[in-house]
Structures are given as C-alpha cells and as structure tokens.
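These are the residues of each chain, in order.
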Amino acid sequence: AQTVTQSQPEMSVQEAETVTLSCTYDTSESDYYLFWYKQPPSRQMILVIRQEAYKQQNATENRFSVNFQKAAKSFSLKISDSQLGDAAMYFCAYEANSKLTFGKGITLSVRP
Amino acid sequence: DGGITQSPKYLFRKEGQNVTLSCEQNLNHDAMYWYRQDPGQGLRLIYYSQIVNDFQKGDIAEGYSVSREKKESFPLTVTSAQKNPTAFYLCASSPDYYNEQFFGPGTRLTVL
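Going line by line, the protein sequences match chains A and B. Each residue of the first sequence is one higher than the one before, starting from 1014 at the first, in this note's numbering. Each residue of the second sequence is one higher than the one before, starting from 763 at the first, in this note's numbering.
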C-alpha cells in the first residue's frame, strides 16, 4: 500500500523568508502524480502545486516550488518570500490508479 | 460559477440515526470522491466513483454508503453502523484519473 509521510507536525517562518516542508512517500508504482494542497482556517482544500513522476523537471508555481527526488521518494515544497496568507495546513498527496493518498499534514505559521 | 457544493455546512445527528450528506458539482467531472478528515489524521478516502452507476470502496468504507445516479451528484450516507461518525467530510471531483481533485467546502458532522 502507498503511504505518505510528513514527519514535521508544525513549522514556523518569518514573513518574507523561505521555508521548506518535507514529504516522503512509499510506492511500487512507476507512474504516479504528487501534489501539495493547502488548507487554510476556512478548511477549503486548495491545490498548490503538482508534479508528474515521469517529469524530471521540478514544478514551480510563482513563490512555490518543489524538490522532487524520485529515487529517494522525496517531494518537498519550498515557499519563498513567505506571506501571512500562507499560514495554513499543508498536505502532501500521492495519486496512482485513481486514488489519492494524503499525509497527515503540517501546520505552517507565519510570523509578522 | 462552476464548482462543488456540499450541504449542509454543519450537521448534527443523534446516535443511531442515519444521515445523508449532499455533494453536487457542475464541472462536468466524471470522477467524484468522499473523504473523512479527523484531527491529526489527514484525509482518508471513504468511497469514489469514476462513472455514473458505479462506485468503489476506499480505505474506510465500513459504516458508509453512496449512490451515483447522476453525474452531478454523489451523496454519502453515514449509517448507524459507523462507530465514530463525528468528523469533517470533504467531497471532491476530478475530470479524469490523473488530474488534480477539486474540493467542496466540507460538512462538519457531529453526533450527539
């Protein structure tokens, strides 16, 4: 079975600084997708970024980028120039065979 | 506006009663999903449906039932057999297997 591990339950970052959220996963599949979702206090799940496993190039979306290490089964999210609105829970997720598996999430706080 | 709606936002039920959570989407997506979110647990898949009149059990289907009579609708029934039903329930949809899932705003179910 696929598993997704987010080992850090909480992190904090100073506004305008950079923070990296870690995620590892376990799978025997060769074709899959990886995602980072954000859940603010409203509890609405918002897609932050996605990465196709067959692509070697790391995905980037404005201030958000990933470090995808397929051999190490690692998928970390880097948030640059952190803003107060980035404070939320962040979930790493893995998708294969039409099923999405989530990690337990990490709570990110942003200090003004 | 296209999107996913869930109703009601808050739901209270007495122990031993069945209750149905609504999920509707007007995105013309084929696949729909139900997740349960508990504190510290991330999201866990209850049921999913890839086409009308077909659905599959997820990781925690016991005590739940679903139907998919229309493409737009995927209601979830929490039965009295579910031993710990108090949780936050999220519905999602996706246009195909390997695209990201779009989430509704969620329903908070409390069993009194």
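For the record, the hints were derived by calculation from the structure and aren't laboratory data. Bear in mind the structure is a predicted one, so any value in this text is a computation, not a measurement. A virtual CB, placed ideally from N, CA and C, is assigned to each residue, including glycine. One should not assume that every hint holds.
[Unchecked claim] Taking lysine-lysine and the DSS-like style, the derived pairs with C-alpha atoms no more than 25 Å apart in a straight line are:
no., chain 1, residue 1, chain 2, residue 2
1, B, K833, B, K845
2, B, K771, A, K1117
3, A, K1117, B, K845
4, A, K1086, A, K1068
5, B, K833, A, K1112
6, A, K1068, A, K1091
[Stated by the list, open to error] Label pairs and their computed distance ranges (CB to CB):
no., chain 1, residue 1, chain 2, residue 2, range
7, A, S1025, B, K832, 21 to 31 Å
8, A, Q1021, B, A823, 41 to 51 Å
9, B, E777, A, A1029, 30 to 40 Å
10, A, P1022, B, F850, 32 to 42 Å
11, B, R775, A, Q1057, 41 to 51 Å
12, A, Q1069, B, P770, 24 to 34 Å
13, A, Q1021, B, T782, 20 to 30 Å
### Query
If you check each hint against the structure, which ones fail?
1, 7, 8, 9, 10, 11, 12 and 13
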